[in-house]
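J.: Given chain W, work out where chain V should sit, using these hints.
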Amino acid sequence: EVQLVESGGGLVQPGGSLRLSCTASGFTFSDYYMDWVRQAPGKGLEWVGRSRNKRDSYISEHAASVRGRFTISRDESQNSFYLQMNTLRIEDTAVYYCARASVGRHHDYWGPGTLVTVSS
Amino acid sequence: DFVMTQSPLSLPVTPGESASISCRSSQSLLHSNGNNYLNWYLQKPGQSPQLLIYLGSNRASGVPDRFSGSGSGTDFTLKISRVEAEDVGVYYCMQALQTAFIFGQGTRLEIK
Chain W
1 EVQLVESGGG LVQPGGSLRL SCTASGFTFS DYYMDWVRQA PGKGLEWVGR SRNKRDSYIS
61 EHAASVRGRF TISRDESQNS FYLQMNTLRI EDTAVYYCAR ASVGRHHDYW GPGTLVTVSS
Chain V
1 DFVMTQSPLS LPVTPGESAS ISCRSSQSLL HSNGNNYLNW YLQKPGQSPQ LLIYLGSNRA
61 SGVPDRFSGS GSGTDFTLKI SRVEAEDVGV YYCMQALQTA FIFGQGTRLE IK
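Chains W and V, in that order, give the protein sequences. My numbering numbers the first residue of the first sequence as 1 and each following residue consecutively. My numbering numbers the first residue of the second sequence as 1 and each following residue consecutively.
Pulled out of the complex, with its shape left as it was, chain W reads as follows (with noise of 0.2 Å):
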């Protein structure tokens, strides 16, 4: 059974950092991209980031808004992903979902979310 559950959200000072992680069982994690979306509460979706899988090199890719201040990473022999979040902004304040995404582009499945709050 594919799971991924997300950890590491809490509350943090506007210019502070996190680390969020992911870890995911049950399927052949090199095998698969990875991405971060987050909901900011009362919004919808957005699409942080991702990790490409061992194939295409691990290749990082981050949206413009969190460019320069967030990075993607994995951990193969941990089965985790991660986001290392800085310079933390108010409007960062939400819910971090990581999902795998599928050949087609599609996440297919999507961790519970983890909350993270930039507030002073």
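Watch out, some of these pointers could steer you wrong.
Some chain W residues close to chain V (C-beta under 7 Å, calculated; not the full set) [said to hold, decoys possible]:
#	residue
1	Gly-44
2	Leu-45
3	Trp-47
4	Glu-61
5	Ala-63
6	Tyr-97
7	Arg-105
8	His-106
9	His-107
10	Asp-108
11	Trp-110
12	Pro-112
13	Gly-113
No lab work stands behind these hints: they were computed from the structure. It should be emphasised that the depicted structure is a prediction, and the values quoted were computed from it without experimental measurement. By construction, the Cβ of each residue, glycine as well, lies at the ideal position given by its N, Cα and C atoms.
T.: Chain V alone, transformed into the frame defined by chain W:
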């Protein structure tokens, strides 16, 4: 940049009736390989999003055949026949032709 526009934004439906949601992209989502890179997701209250339709018209595993997707290029439709109470939630379309993926604003389906 892509802009994804959904309509309506709110959709009250009587159980047993059908419902349709439109999604329009500012640019064509038709790839040279013949696929339309348009996905539909449903986010039920208090839950993570779930995949309904991918590549415009392919139902995801476990999705009831009451859900169907159609369209090509810039105009797409999600149709739900025989709406049930469990279909309540917010429906999102998403362009997957180019990273960064862009979601529509969401359409909230409620039961009358």
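J.: State for each hint whether it applies.
T.: We went through each hint and held it up to the structure:
1. Gly-44: Given a least distance of 5 Å, the restraint on Gly-44(W) holds.
2. Leu-45: holds (4 Å)
3. Trp-47: Holds, because the Cβ-Cβ distance from Trp-47(W) to chain V comes to roughly 4 Å (cut-off 7 Å).
4. Glu-61: holds (5 Å)
5. Ala-63: holds (5 Å)
6. Tyr-97: holds (6 Å)
7. Arg-105: Holds, because the Cβ-Cβ distance from Arg-105(W) to chain V comes to roughly 4 Å (cut-off 7 Å).
8. His-106: holds (4 Å)
9. His-107: holds (6 Å)
10. Asp-108: Asp-108(W) check passes; min Cβ-Cβ to chain V is 5 Å, inside 7 Å.
11. Trp-110: At 4 Å from the nearest chain V Cβ, Trp-110(W) passes the 7 Å test, so the hint holds.
12. Pro-112: holds (6 Å)
13. Gly-113: The hint holds - Gly-113(W) has a Cβ within 7 Å of chain V, the shortest such distance being about 6 Å.
Checked against the numbered hints above, the structure breaks none of them.
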